[in-house]
Structure formats: C-alpha cells, structure tokens
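*Asks:* Please build the complete structure, drawing on both the sequences and the hints.
Number of protein chains: 4
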Amino acid sequence: MTIADRYRKVRNHSTLLCKDLITEDYSLQASEEVSPPKWHLAHTTWFFEQFILVPYDLEYKVAHPQFNFLFNSYYNAHGARTARNQRGLMTRPSVEEVKAYRDYVDAAMIKLLDKSDSELIDLVILGYNHEQQHQELLLTDLKYNLWFNPLDISVIDIKEYKNTLKGDWLKIDSGIYEIGYEGNGFCFDNELGRHKVYLQDFEIFSSLVTNEEYLEFMEAGGYQNSNYWHDEGWAWVNANHIKAPLYWEKQGQEWTYYTLAGRQNLKPNAPVSHVNFYEASAYAAWRGLRLPTEFEWEIASGQFEWGERWEWTNSAYLPYPGFATAPGALGEYNGKFMINQMVLRGGSVATSEGHSRPTYRNFFHPHYRWQFMGIRLAKTL
Amino acid sequence: MTIADRYRKVRNHSTLLCKDLITEDYSLQASEEVSPPKWHLAHTTWFFEQFILVPYDLEYKVAHPQFNFLFNSYYNAHGARTARNQRGLMTRPSVEEVKAYRDYVDAAMIKLLDKSDSELIDLVILGYNHEQQHQELLLTDLKYNLWFNPLDISVIDIKEYKNTLKGDWLKIDSGIYEIGYEGNGFCFDNELGRHKVYLQDFEIFSSLVTNEEYLEFMEAGGYQNSNYWHDEGWAWVNANHIKAPLYWEKQGQEWTYYTLAGRQNLKPNAPVSHVNFYEASAYAAWRGLRLPTEFEWEIASGQFEWGERWEWTNSAYLPYPGFATAPGALGEYNGKFMINQMVLRGGSVATSEGHSRPTYRNFFHPHYRWQFMGIRLAKTL
Amino acid sequence: MTIADRYRKVRNHSTLLCKDLITEDYSLQASEEVSPPKWHLAHTTWFFEQFILVPYDLEYKVAHPQFNFLFNSYYNAHGARTARNQRGLMTRPSVEEVKAYRDYVDAAMIKLLDKSDSELIDLVILGYNHEQQHQELLLTDLKYNLWFNPLDISVIDIKEYKNTLKGDWLKIDSGIYEIGYEGNGFCFDNELGRHKVYLQDFEIFSSLVTNEEYLEFMEAGGYQNSNYWHDEGWAWVNANHIKAPLYWEKQGQEWTYYTLAGRQNLKPNAPVSHVNFYEASAYAAWRGLRLPTEFEWEIASGQFEWGERWEWTNSAYLPYPGFATAPGALGEYNGKFMINQMVLRGGSVATSEGHSRPTYRNFFHPHYRWQFMGIRLAKTL
Amino acid sequence: MTIADRYRKVRNHSTLLCKDLITEDYSLQASEEVSPPKWHLAHTTWFFEQFILVPYDLEYKVAHPQFNFLFNSYYNAHGARTARNQRGLMTRPSVEEVKAYRDYVDAAMIKLLDKSDSELIDLVILGYNHEQQHQELLLTDLKYNLWFNPLDISVIDIKEYKNTLKGDWLKIDSGIYEIGYEGNGFCFDNELGRHKVYLQDFEIFSSLVTNEEYLEFMEAGGYQNSNYWHDEGWAWVNANHIKAPLYWEKQGQEWTYYTLAGRQNLKPNAPVSHVNFYEASAYAAWRGLRLPTEFEWEIASGQFEWGERWEWTNSAYLPYPGFATAPGALGEYNGKFMINQMVLRGGSVATSEGHSRPTYRNFFHPHYRWQFMGIRLAKTL
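Residue numbers (this note's numbering), protein chains in the order written: chain Z, 1 to 381; chain F, 1 to 381; chain W, 1 to 381; chain U, 1 to 381.
Honestly, the hints are just simulated from the structure, not real lab data.
A pair counts as met if it fits within one copy or between any two copies, since identical chains are not told apart.
Below, a list of computed lysine-lysine pairs in the DSS-like style, where the Cα atoms sit at most 25 Å apart:
| id | residue 1 | residue 2 |
| --- | --- | --- |
| 1 | K19 | K159 |
| 2 | K162 | K19 |
| 3 | K379 | K196 |
| 4 | K196 | K171 |
| 5 | K19 | K99 |
| 6 | K159 | K250 |
*Replies:* If you want it as structure tokens, here you go:
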C-alpha cells in the first residue's frame, strides 16, 4: 500500500466507527478524561493540519483560524487550548462542519503526499498512528458516555470478546534479555532505546483472568478485605463504594454488563474487563500471585495470545535508559506523562488493526477503568 | 382565547425559541444549574403528562416508561430522576424524538381539553405558566452555555434592551399597604395570602442603573474596596477574580458584551445586566443608597416602567403569613426553596409575554448572575 | 458599678471559663468556624488594644508588633490577618504569654478608664459586649472541639438545661407594633432604627420543644421524609447521613448526649438543642406548625420565659429600615453579614449574664448546629 | 550494646528531640500528612505495646483501653483508628500523660527484654527502627507546622547542612549488579530479595545540587517553561503558583529560608532542599541531564558522600522480585504503599544516627516537599 492508501484507510476507519451515531451523540462528554466523538474526529485532523500541512505545504490555508485553539489537546508548545472538560460544550462547529474539515484536510494531504520526502512520510505515519490511538479512545470514551443513559443505548458491536480461554503456566528462565523496539517499522518514542534487562526466573499464565474467576474473588469478599489492596486502592474502594468492575450491574440474580451493543448478561468465560490496577493487583494478591512486569510480559509475549485486553503490569511508566524527546511540540508526545502511571501491554478489541505490537507501551493512572483493561497473572519461582 | 388556544400558543412559543438551534445545541449543559434546551422541551411536556394526562385521562398511555425518570426535575414525591448535572448526557431520546413526544402529549391534551372541568383548567394554566418559566430559563441557560464557545455564536435576537432610560426619584409615604395577589387571574402559590405590611417613608428611582453608571463604579475601584461588599460577596469577588458583570469582556479599549445574537460593544445607556445580588448591593452602597425591599417595589411598581430586568430586592425569599403548600407533588412548587435566596421583582426581555405581574416573586441565590438581573435603587428618608 | 468594675467583671469571667482547661486544650480548632480558647482570649484583648488603647492612649505601646496580625478576626479595614482556619496552629504566643497580654492590656485599660470621657465609655461597653459574645463562642466552640475526642472529656458544668417545661399557646392580636431597641442601655447597631411593623394575628407557644417531642419526630421517620424539608435541608440530611441532632449518639438502646461536663443520657424534658434551621423547620412542618418571625418573637417575648436556647426564627437576617453602619473598622461589625443567615432570638445557657435582651438579634447560617439552638413553635390563625 | 541499651538509646532520643518544645507545640497538625509531636511519641510507644507487650508479656496490662484507637496509624488489621487529620484534636491524653505512657511501656519493655528470645529481639529492633523513622518525621512535620506561624519560631538547631560541596562525575560501567540488602543487620522488608539487575553505562555526580545552582534555574525562568516539566508537575506549578522551593521567601532582595532554628538567609553552597520530584526532574531536564535510578544510586553510592538529603531517584516504588509481606498487621508495613510513589535514597540531617544504609528505600508521592529532599544528577553515556 502506498502511504496515501494507508493514510486514507486509517482516516476512513474513524468515520466508519461513527456511522451509527446520531448527531446528538457526537458532543457527549461525561467527564474530563473522556472526549466527545466530534472532538476526536477534529483533533486527529488538526494534528495533520498543524504538524504537516502548515509547515510543509506553503500554499495551504488553515480551515478556520480558531480550530487550532479548539482542537489542540495538550501541546503546550502549540499555544492555548479549550479547557479539557469543556470539549463537549463546543457544539459549533457542527458535526457537518467537522466532517467538512476532515475532507478539506484530507484533500490537501493527498495532494501533498505525491511529492513527499521521507521526513514527511514519517510524520504522516506518526499522524495516522496517533489517529489510531484516538480510534480506540473514541470507542472507549463513547462507551463510558453512553453508559450514563438509562436507556442502554446500542451503537456498535465490536465483539467485546473473541476466544474461549483455557490457559497454562509458561516458564521463562532467568537471564539477560533485550527490551524495546527493533526493526524498520513504526514505533513510538517510548519504545526506543532497545536495552538489556536482567530477568529472574518466572512463570506467566497463557490466558487472561475470566469474569467467572473474578466473580469468585468478589464472592470471597475480595472487595471487603483490606489485605489484598494497596492503601490507595482500599481508599478508592471505600470512597466510591466499589463492589464490582465498571459497567457491571446486578439485575435480580443475574450479573449484567454494559457493552457498546447494549446491556448483556455477563459471559462467564470472557476475559474480565474494566478493572483498574488496584483491582487487578488485589485479585492477584488474593490468588497468592502477582502481575507481570512489562519486561516479563514483553519477553514472554511470543508464547501466548494477546490482544483482547490491555493487560495491567506491575511496572510504572518510566523512560528507557536511552529515552530522548523530539524537539518542538512533538517532543511532548510521551515523556511528560512518565509519572504516576502504570504500563499496560497488549491491545484490545477496540484497538485498530495493526496498531499494537509486543513492544507497545500503553499507560494509565492506576484508578482508571474505562479502557478494556484485563488481568494476566505471573509468579516468581 | 379558549384554554386550548392558550395552551397551544404557549407550547408553540417554546418551539419557536429553538428554531435557529442546530441539533448539537439541544444537549448543551455547561453546569449543574443550567439545563439543555432539549431537557426544557421535554420536562415541560412531562409536567402535562404526569400531572394532567396520567391522573385525568384514563385512556392515556405514557409515551415512554423511562421518561418519568429522565424528565422529572426535582419533585421528590414523583420518584427518582436523572442527576441534575447529567441532563446534557442524555443524547437519547434524540431531538426528533423529544419533538415527537411534544406532539404526542399535545394531541392528548387538546383532546382532553374539550371535556375539561375547572380543576383541570387550573392545572393546565399552572402547566403553561410553568412552561413559560422554562422558556425564560431556556434562553438564559442557552446564553450561558453558548458563551463558552469562543466562536461567539449568534442564535436569536431577543433585543436585550429596549428603552432609553432617564429617571427620577419617586416618593412613597409611610403607612399600611396590602401585599400579594388579588384577583381572578393566575398566580403562583407564593404570591397568595394577601396581607398588610407597614412601610416607612421611602423613595425609589424610576429607572434602572445603566451600564455607564455601573462602569463608573468599576472605574472608581468598586471591585477592589471591601467596604461596599457583604462579607460573602467580598469572598466571592476574590475567589473568582471578578472585575465586571458576567458576559463582559474588554477587547482592547472597548468593553464588549455577549448576547444571544453574538458579541456586541457595550451599550452605555442600556440597563446593566447579569450582576448578582452582591454586585447590586455593592453598587448601591457605593452610591450611598440601597436596594428596595420586595414590598416597597410592589407598592411603587405602578409608578415606573419595569420588565427589562429582573430587579434584585433586599428581601429574602420567605413565605407570606398565609402561605400554604398544595398537597402532593405540586406542593413542592415553591415552599421548599424558601431559604438562602433573595427575591427579584419585575421581569426581563426573556420573560414570555403576559407571564409577569407586579406581585410576581422570582428568586435566586445571591451569587447567581446568569439571568437578566438588574439594579433599581431606593433610599430611606 | 463603675465602668472599670464592669470591665473587670467581664474580663475575669473569660478567664474563669477556662479554669479547668489544660494547656493543650487552648489551641484546639476542629474546623474553620470554631476558634481555639486561646484565640478568643487574645482576640477580645486585641479589640480593646486596637480600638481603644492605640487611638486614645498616646503613651500606650502595643504588646507585640505581630499581635494585630495574629488576633484580628475579620476587620478588613484593620489589615491582613491569620487565615481563619489556621488559628489553632499559632501555638506561639503560648497560653502564658496570652494571659500576660491580657494583664498588660487590662492594666492599661484600668489606668485609662479614670480619665475617660463618654465616647470612650461607649467603646468600652461595646468592647466588653464583644467579649461576652466571644464568651459564648468560647464555650460552644470548645464543646465542638472536645466532642471529637473519644474520651468524652468533661471540662465545665454549665447546666445545659434548667427548667421543667410545660407550655401553652399565647395569642397575639394583629396590628402595628414597634420593633427594635429603645432606651439608654447598650445595644448593637443591628437592633437600632426602631420602627413599625404590621403583624397578623398569630399564636406562639410558651415553652420550647423538648428532646422527647423531637424524638417522636425522629421515630415517625422525620429524617426520611422529604415533605418536611427545605430542598437544601433535604440535600444536607442526605449528604451527611443525618439522623439526629448534633452530639446525640445512640448507645445500645439509650440515646446519649455530649455536654461540656461529659456524655450523659438524654434528658426527655430538656429543650432540644443543637438542631439547625432545616431541622427546626422540618420539625415544625411535621407538626403542621411553623417557626415565628423575629418580629412575632420580639412582641410576644414578654409573655414567656426564654434564655435557655437560642431560638430559630423564620426571618432572614436583614437590616432594619434605618440601619446605618459606623464609620471605620467598627462599621464592619454587623452589616456585612446580612445575607444567607437566619435570625435567632433569645439567649442560651452559654450566654453571659446580662448580655441578651428582647431586641437582641443573633444570626447563623441555616446549616449550623453547634450553638445551643432550639425550637419554639408558632401558628397563623 | 545490649538490646535493652539500644532500645533505651532510641527511646531517649525521641524525648530529647522535644526538649525545647512548649506544651502547646505538641498538638500541632497543619495538614493530614503531618502529625503532632505528641502523636509521634505515643504512636511509637503503642507499636511496642501492641506488637510486643500484648502478645508476649502475659502479665502486661494495656495502659489505657482507648489508646489502641487513638494511636494506631494505618494498620487496618488492628482495628479502627482516629482519622488521620484529627490527630491534632486529641488534646487529651495530655503531654504529661503521654510521657507517663512512654515510661510505663518502657518499664515493661525493659523487664521483658531480660528474658527475650530471638523472635522478640527482631521485633524490638523493628520497633526502634520504626521509632527512628518517626524521629525524622517528628522533625520534618514540626518544621512544616511551625512554618505557618509568622513569628519564625526556633526550636532546635539540627544543622541543616554540613559540608562544603564540590563534585565530579563518576563513571559506572554497564553490567550485571546485585541490588538489595545482604548481611546480618537490620533492614526493612522492602530491601530484601537481593537480586541481579543489568545497568547500562552511566555517570553520576559526586555532590548534590546546591541552592546557588537551583537559583540559576529559577532565574532562567525554570518555573515558567513547560518544556522541563512533567504534565502533572506543570499543573502543580500553575495551580499553586509555585516560584521556589518550600520554605523559601524573598525578603527585599534577599532569599531567606525557614529552618527549625528560625528563618535564615539562604546559604548558596548548601545543597538545595525541600524540592519535590517534579522540581528535581525539571531542574535535571533544564541541565540536559536526568535523575539516577535507585539501582544506579545504590551501586554508585560507595563512591560519593551522602546523608544530608534524601535524594529523588527516577524509580517508582515497586516490589523487588522476591518481595513478600509478613503475616498479620506487620505485613502492612511497606507493600501496600507500592503505587504512585517515587523512591528516595540516602538520608538526611534529620535522619537518626545509624538508621540509613545504601540499600534503604525511602518513598514519597512526587508532589511532596516537606522532607529534606535534594537532587543528585546522572546521565546516560
């Protein structure tokens, strides 16, 4: 595929994800950390406009003088921006106007891609990988936003789980291993600086913890016993009266689970989802086990299937030894978030095709649950 | 006009107010105390459904089993309801569905009104007066919501001021006066219990404080001098870095003011608007004057023009001596708000035609500014 | 008694109230609205120093250059001051040093009082009335602060109730009455501006609501029924899981009540205490009655006994028609608090002897409970 | 020294630290994360009582039935406890009573230590190491608490810096190293599980960043440039208007610094102190360098002097591969805090003699500044 084809494919996928939304849904924002679909569609477009068209296409005219303000996310070097929790208030530009903005930028991009040199190609690839990140967020944010509606809205069936799970312990021997991305494909800056780490002997389980297994923890009083929890996790459980993963609701005797295709009965064999780091750790502690580190996960990942759930690791999100930030606004991509977040590895049913890889480092604050987060267990020998 | 005609007229007016909104605007909610246009349209409809159709029309089927939950506002006796700050998240039912809900209820109401007895007529009149209250809120909430958008959206021109103002002091003699509604027309329960009050000699000014006059207060350092302010007002000024009324913004050397028809240069002769009770009181104190009580206002109101601004009084919102609440959910209409609020008298450019009267008691917390609130001065002799 | 004798008597009473405190207790501050005993002792002294000695005694040297900053309360015109919620952190000056400060100021005051003219006498009288206000707060703040200690500390026995109560309805006829202070004695500025009000016929009960009567309300589900409550009161009940007045605790089958002399079994016949305005109003609503206005209370007060509880009225704290503030910092005494507070009339077991009178206007926000607040009922005929 | 001698020595040191406090100071608590001196004295005593005397001395009678509630800190397995932010409100027991409590427990401990077996000795050693941790907190909490007092209180001179600093880069070669405690002495559970790590080539500076060097960062606009900061650090700077380290205050042209011996002019050559992780990282980024990891620090620590400042590392506080928690309440010592905290290595001028070592892992949330936290720089080659 040409770079233009790849660009088009990713761009179309964003539009496709929204095909069953009604106009009203595009502005939904239930809290600061989730964004409205319209904002995702516009912000990913803004990224191409500001980082490629404006600097590299001398004839390009920005679509609207205020869009840089409206659709910048967090790039301080790019000036002021709409407060993050007010994105849902920007009912103008309309959905139609945002779609026209996408078309306008796409036309300019396709034209530019004909004459493109390699620096530009790298930026385009970064741009559509950025858009793929937002495709996952678009879905998970949407799920969170629609969940507030008591009407149990169904908008898209992303098949929230796929395989029947049945696992085993895999043993990995101690020794020096190489960590980080290697190759000619795309990766983010936080995967670079391939380097050696020493791992002790460990075992990791080949499949994810299931809903059924997690229910055993709940029924054994897992949410009522401080022994299994981090101090902050225990405070979170009590302050929020947590008794189950996000989106779970007991209706009569039956546990149900809200999906983007509406509320369903909980599937016992599906991998548990929408647990935070505290819950994942507490479950592991209850089982007398632990979460893997991100290094253990990366080394072992060739030996098990993954991709349904982003998997919590017990590694904090920190720079690799050779980490360096790019100059300018793009240097703000990853490094400035390397505090108070935990690494997740894998991918999920909401991850765009081809977007993840064994060295991919996702990261979230330990209390968040709205991504498709799951649990894989490990143990020290 | 028949009761059906009056009903229709009010109902149509709500729809008319929204005619230049785009679908996205209908779900806007910037904070807990403002509601989205769609919610106003639905809630006023719900009022007729729940208080008239359900109890009085035995053949009536509710439009949707969840609408009672979605569109109840605060009536505790009517069961659970959507959290007030989550009304904007209810993207479903869609705008179209809410319009269909209005049509469905209107058809049933019109049919019912043929056979209506007087109890029913009273309820219908209460219902459309309730809707008129929401018409004003629909406009003021919308203004507040759209104000967050840096694009200075224009949706409707309600002529935010009308007359050229030029006033005089009017003198009222001390004595016993009668306060409260008298007559055969409609009034709210909080106006009833007509009773005697004794007023001391006082004077009241025949026109409202203008933008130009208020600017003098600002330029004289009014917002920087604690002497003019209530203790809580002073805390509010400092905590929020207040320097001007709501919607004012200095652009270069020029003060501008956001209106529902877009941002405009401030009109010097227009009555000042969007000041809260603290600001109104501080302005009066700076002038060595005071705000009138609601009783002084009511007695003097025949001698001056009013209706552009709701006017802050120095009266707390409290029950009249004979105040009694209606039984059932309708008893929650007014009495339970009679604490920590101040009375406003008059009406505003957003008030629906025929909705106000000299005995009408509006009320808001002293820190609110998003209504068309203005200042009239008085003095004790 | 000479002015010097009266001065000495009030000053000594403050010291006496603290005689069974240990040094540690003097710095206790559990929340922003309560102050430590040491601060009360110092602030009342500061009042004499700053408003009398500094301006009127040319030879006077302030005790310490920082005490004006440390012991000013809210007088904006008197410069910066310690944050209100950090008074308990000022462990220096020590208790001994504060006592020495009192002695130092007292000596200078006594010396000054020999040559005093009438303006000075008025200020001294204001000063010791101010100190008497703080004597009551010293006790009620102390009670609140010590209540957090699970050891049920006993420090002083102020006999939290005195009489056996047994009441009747008293009828007052409609007509014009005079309200406000009249005479040659001392009163606060908020009592001045004696003026006419018109009262409708009403009845008022000659005794206060008792614990036993209030328990009936609790047992009838009063705290679970929104019908009896103001909207904000109902929110307060639910947000704070309120089930009883402040200081009540059920131990086994027995209701107990924390007093400054330790925890005791609840006395059924004692007047209920430590209820806020919402609770007082809800109780009255449950009984089908109402609270009196402050005007009704003042007019009727000659016909019943009062003085055990500050009694909530249904009057907001607002200026009388002729209210005027004094120039300078003393002008901040009352007027700037005339918003969002309700008037209480009467006095309490913690009120210093001779400090209250029928025209005395106490005032608190409707949610506060830590004063000895009680309930008297009224009804419109 | 016998175990009894060591016990006595540590216990006496706690008392010695407080010798110049006045009674009032013992209850000071300015915020939730700092505790009053009296509480430190009592809690460390409670530790011996509950974990040694109660289980091992059958004749022991607890000093007071409520002290377990009052002086437990966070041990969930040990039952309810005083809310952490209310420790300052516990004016009873008095300072004298807490000293008597210390004497009572000490007498019982000394008696018990005669017949002690090795399990008991291990617990006693843990107990006095626990007390030494609280000795440091007693000092740093006290400094924070007294800092609120405008009188610039001086209570103890701990010589907040000692050496003249002059450093060099030290180079460490890549390779496999051993991390964690080894030997027969005491260490905490979080240092155990000695294990291999692979380090890349790096350099580390032999001395700490000085006040003078940090001032250069400030004068170069370090607090105004988002490029140097983590996203959360930048938010912290702006939300709190941070312009300098904690305790710094510019008076005229001179920077001053509050110490436990009073306010002093800032010493240019002293190691900077009271910076949080965000500030330490931003400083390093401004210099084009980075903080060391805790592993780099531990391996290099034999080649430089340390002990004046706890030094921020860029390692999150996580368990070593072989980490295991002890059974029972003592198992809550460390593991449950292993989230959202960063590791500090070294020691400080407030650390009790003999308490730290190269493998010691201290840890705090990245935004805290009230410990004697400093900055050491490193770089990848």
